[in-house]
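Enquirer: So you can see what is in the structure, the chains are spelled out below.
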Amino acid sequence: MEIRDVPCPFCGCLCDDISVRLEDNRITGVENCCTLGNAKFLSKSRLQHPIMRKDGKWIEVTYEEAIDETARILSDAMRPLLYGWSGTIGEAQVVGVHLAEEIGALIDSTTSVCHNPSILAIQEVGHPGCTLGQVKNRADLVVYWGCNPIEAHPRHMSRYTTYADGYFIDNTATDRKVIVVDIRRSDGAKIADEFIQVKPGGDYLILSALRAMVRGKDEVVPDSVAGVEKVQLQRVADLMMKAKFGAVFFGLGVTMSRGKYKNVRNAIELVSELNRKTKFTISAMRGHFNVYGFNEVLTWMAGYPFAVDFSRGIAFYNPGETSVIDLLERKEPDACLVVASDPGAHFPKSTIEHMASIPTVQIDPCVNATTALCQVQIPVAITGVESAGTAYRMDGVPIRMKKVIETEFPTDQEILERIVTRIREMRSDG
Amino acid sequence: MTFILISGRTIPQGSFVEHKLSKGYQRATSTLFIHSLDLYELGIESGDRVNVTSSFGSVVLTTETTEDIQTGCVYIALGPYANAITGGYTHATGMPDYKDIIVEIEPTEDPVPTVWDLMEMVGGVRYGN
Numbered sequence: 001m002e003i004r005d006v007p008c009p010f011c012g013c014l015c016d017d018i019s020v021r022l023e024d025n026r027i028t029g030v031e032n033c034c035t036l037g038n039a040k041f042l043s044k045s046r047l048q049h050p051i052m053r054k055d056g057k058w059i060e061v062t063y064e065e066a067i068d069e070t071a072r073i074l075s076d077a078m079r080p081l082l083y084g085w086s087g088t089i090g091e092a093q094v095v096g097v098h099l100a101e102e103i104g105a106l107i108d109s110t111t112s113v114c115h116n117p118s119i120l121a122i123q124e125v126g127h128p129g130c131t132l133g134q135v136k137n138r139a140d141l142v143v144y145w146g147c148n149p150i151e152a153h154p155r156h157m158s159r160y161t162t163y164a165d166g167y168f169i170d171n172t173a174t175d176r177k178v179i180v181v182d183i184r185r186s187d188g189a190k191i192a193d194e195f196i197q198v199k200p201g202g203d204y205l206i207l208s209a210l211r212a213m214v215r216g217k218d219e220v221v222p223d224s225v226a227g228v229e230k231v232q233l234q235r236v237a238d239l240m241m242k243a244k245f246g247a248v249f250f251g252l253g254v255t256m257s258r259g260k261y262k263n264v265r266n267a268i269e270l271v272s273e274l275n276r277k278t279k280f281t282i283s284a285m286r287g288h289f290n291v292y293g294f295n296e297v298l299t300w301m302a303g304y305p306f307a308v309d310f311s312r313g314i315a316f317y318n319p320g321e322t323s324v325i326d327l328l329e330r331k332e333p334d335a336c337l338v339v340a341s342d343p344g345a346h347f348p349k350s351t352i353e354h355m356a357s358i359p360t361v362q363i364d365p366c367v368n369a370t371t372a373l374c375q376v377q378i379p380v381a382i383t384g385v386e387s388a389g390t391a392y393r394m395d396g397v398p399i400r401m402k403k404v405i406e407t408e409f410p411t412d413q414e415i416l417e418r419i420v421t422r423i424r425e426m427r428s429d430g
Numbered sequence: 001m002t003f004i005l006i007s008g009r010t011i012p013q014g015s016f017v018e019h020k021l022s023k024g025y026q027r028a029t030s031t032l033f034i035h036s037l038d039l040y041e042l043g044i045e046s047g048d049r050v051n052v053t054s055s056f057g058s059v060v061l062t063t064e065t066t067e068d069i070q071t072g073c074v075y076i077a078l079g080p081y082a083n084a085i086t087g088g089y090t091h092a093t094g095m096p097d098y099k100d101i102i103v104e105i106e107p108t109e110d111p112v113p114t115v116w117d118l119m120e121m122v123g124g125v126r127y128g129n
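Residue numbers (my numbering), protein chains in the order written: chain A, 1 to 430; chain B, 1 to 129.
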């Protein structure tokens, strides 16, 4: 049996043209997918039972025992942290936000360590963005800044930009120019019409130089900026101003480097400047398949897109204080629930040291680095393969994820609902 | 020798992301990409191991030569190895300095730790093997 048009639950591209071949409720083949999505669809290893740590050793437990223990840990906590959420669907995220409000927890997502600075910049100066469909059909210039689509979003170029046919583009190979700005000559840089190899931490300077040039103030730009020659910047500024429709995509090279959200703000302001001359848009290359979805869900429910602290009984948002890394660095949480992400692999050492020292619970289908930091892990169905629901593509377009195989594993949503119910029972017992 | 370390995504890192305890993931995230001239300066060859130290910690990585980054910079896939030498300070932005970390690099014969080893160093307990 073959199921067509399956959305891929890996990255923010959410490619929804995947064909999955099935035999006896097992995936035997995948078509149209990139290496990353393919590896996820065909993955075999997973945790088979809930596990719990007892006297320094792991033991297998039932779902009831694991849920009971999780509810007890969260109920007893003074400063619980609920973290993750990007690898699950909106319906489960909704339950997570309700849980956070009910127990006065701080809730944050992987956004905090990827495009948090992009959100801060957008809150300062706005977001001249558009959907990927507009870019595909109209953009004659694409700029990849501080991102490497070939390795992080392998089909971005073939579905939406460089190699995609566009309705208003006669010949995509010749009529669509590509500029890459990166510290490394990545595979994307090798096919670019212009590659700006910037020195580490130099993005802000390059953006400022380009803004001056677009304003017609070339004379204020020195001969070399962050290791890049002025003549190259002039060529790039000309390409940008001559474009009919330019689209900037930026990644963590901009958000994580020195300057952080100020880099993104400068990039947005360059795009605003370019809109005085032509049409330009800017968009973040979001990582997890539903990291954008969490920002949507939390904004509907609490008014803010990430790092919301419910400890005061109201939604309080102050990134830098209520963001997950700062909270862990201050060693504040006395319990932590991790859902659909792996902070053990992706957080700085000092912060995971604190996670290992408090009762931490993980809801995830696979054994991962965070498993070692936990007291309890509850395995669940693989979202987008074994359970359906809503995810948001990197440009904010909601897409219905499909269930392609049957499973006996419960979904994230079911487990979270059972934890909420159990906490209410414990509280009503006094 | 002093270098600037940058972390980021690579295809092998992403392919093994659901198998974090596999040898493939360990290899993908413990490889340090370094310019061939810098390898020469260190007096070692591609594939030799180095000890990488920042103000926040130290980790053993395996080198791999590349011409795609400038001398003085080194590159590693994101993951537990990069994070063993990343600090948790965020400049009040919520975002730690995952890129542009100043590191000292010196050759070593020490083995590359496993992901479980790294998790046990912070107080975790390995599951299974």
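Please note: incorrect hints may appear among the correct ones.
Calculated lysine-lysine pairs in the DSSO-like style (CA-CA distance at most 27 Å, straight line) [unchecked claim]:
id, chain 1, residue 1, chain 2, residue 2
1, A, K54, A, K331
2, A, K199, A, K217
3, A, K230, B, K23
4, A, K190, A, K136
5, A, K349, A, K136
6, A, K244, A, K217
7, B, K23, A, K349
8, B, K23, A, K57
9, A, K244, A, K136
Derived Cβ-Cβ restraints for the label pairs, each shown as a range [to be verified]:
id, chain 1, residue 1, chain 2, residue 2, range
10, A, N318, B, G43, 43 to 51 Å
11, B, S36, A, D223, 27 to 35 Å
12, A, S158, B, G24, 31 to 39 Å
13, B, L37, A, A173, 31 to 39 Å
14, B, A92, A, F168, 40 to 48 Å
15, B, S22, A, F168, 53 to 61 Å
16, A, L42, B, D48, 32 to 40 Å
17, B, P111, A, K44, 23 to 31 Å
18, A, Q48, B, E45, 42 to 50 Å
19, B, E104, A, E194, 29 to 37 Å
20, A, D170, B, E120, 54 to 62 Å
21, B, S58, A, N318, 38 to 46 Å
Stretch by stretch, here's where chain A covers chain B in the computed footprint (C-beta under 8 Å, at least three residues) [as the list claims (entries may be wrong)]:
id, region
22, 12-24
23, 39-46
24, 58-70
25, 73-84
26, 101-110
Honestly, the hints are just simulated from the structure, not real lab data. Each residue gets a CB set at the ideal place from its N, CA and C atoms; glycine is no exception.
Enquirer: Confirm or reject each hint.
Expert: Here is how each hint holds up against the structure:
1. A:K54 to A:K331: 24 Å, holds
2. A:K199 to A:K217: 23 Å, holds
3. A:K230 to B:K23: Judged against 27 Å, a Cα distance of about 45 Å means the pair is violated.
4. A:K190 to A:K136: 21 Å, holds
5. A:K349 to A:K136: 41 Å, violated
6. A:K244 to A:K217: Holds: K244 of chain A and K217 of chain A sit about 22 Å apart, inside 27 Å.
7. B:K23 to A:K349: Answer holds: K23 of chain B to K349 of chain A is near 21 Å, not above 27 Å.
8. B:K23 to A:K57: OK: K23 of chain B and K57 of chain A at ~24 Å, within 27 Å.
9. A:K244 to A:K136: 13 Å, holds
10. A:N318 to B:G43: 43 to 51 Å: 49 Å, holds
11. B:S36 to A:D223: 27 to 35 Å: Taking Cβ atoms as reference, S36 of chain B and D223 of chain A lie about 29 Å apart, which means the hint holds.
12. A:S158 to B:G24: 31 to 39 Å: Violated: the Cβ-Cβ distance is about 25 Å, outside 31 to 39 Å.
13. B:L37 to A:A173: 31 to 39 Å: Between L37 of chain B and A173 of chain A, where Cβ atoms are some 35 Å apart, the hint holds.
14. B:A92 to A:F168: 40 to 48 Å: Since the Cβ atoms of A92 of chain B and F168 of chain A sit about 44 Å apart, the hinted range of 40 to 48 Å holds.
15. B:S22 to A:F168: 53 to 61 Å: Violated: the Cβ-Cβ distance is about 45 Å, outside 53 to 61 Å.
16. A:L42 to B:D48: 32 to 40 Å: The hint (32 to 40 Å, Cβ to Cβ) holds, given that L42 of chain A and D48 of chain B are roughly 34 Å apart.
17. B:P111 to A:K44: 23 to 31 Å: 28 Å, holds
18. A:Q48 to B:E45: 42 to 50 Å: 43 Å, holds
19. B:E104 to A:E194: 29 to 37 Å: 35 Å, holds
20. A:D170 to B:E120: 54 to 62 Å: 59 Å, holds
21. B:S58 to A:N318: 38 to 46 Å: 34 Å, violated
22. 12-24: holds (count 8)
23. 39-46: With 0 residues closer than 8 Å to chain A, the region 39-46 of chain B misses the three-residue bar; violated.
24. 58-70: Check passed, 4 qualifying residues.
25. 73-84: As far as the region 73-84 of chain B goes, the hint holds, because 7 residues have Cβ atoms under 8 Å from chain A.
26. 101-110: violated (count 0)
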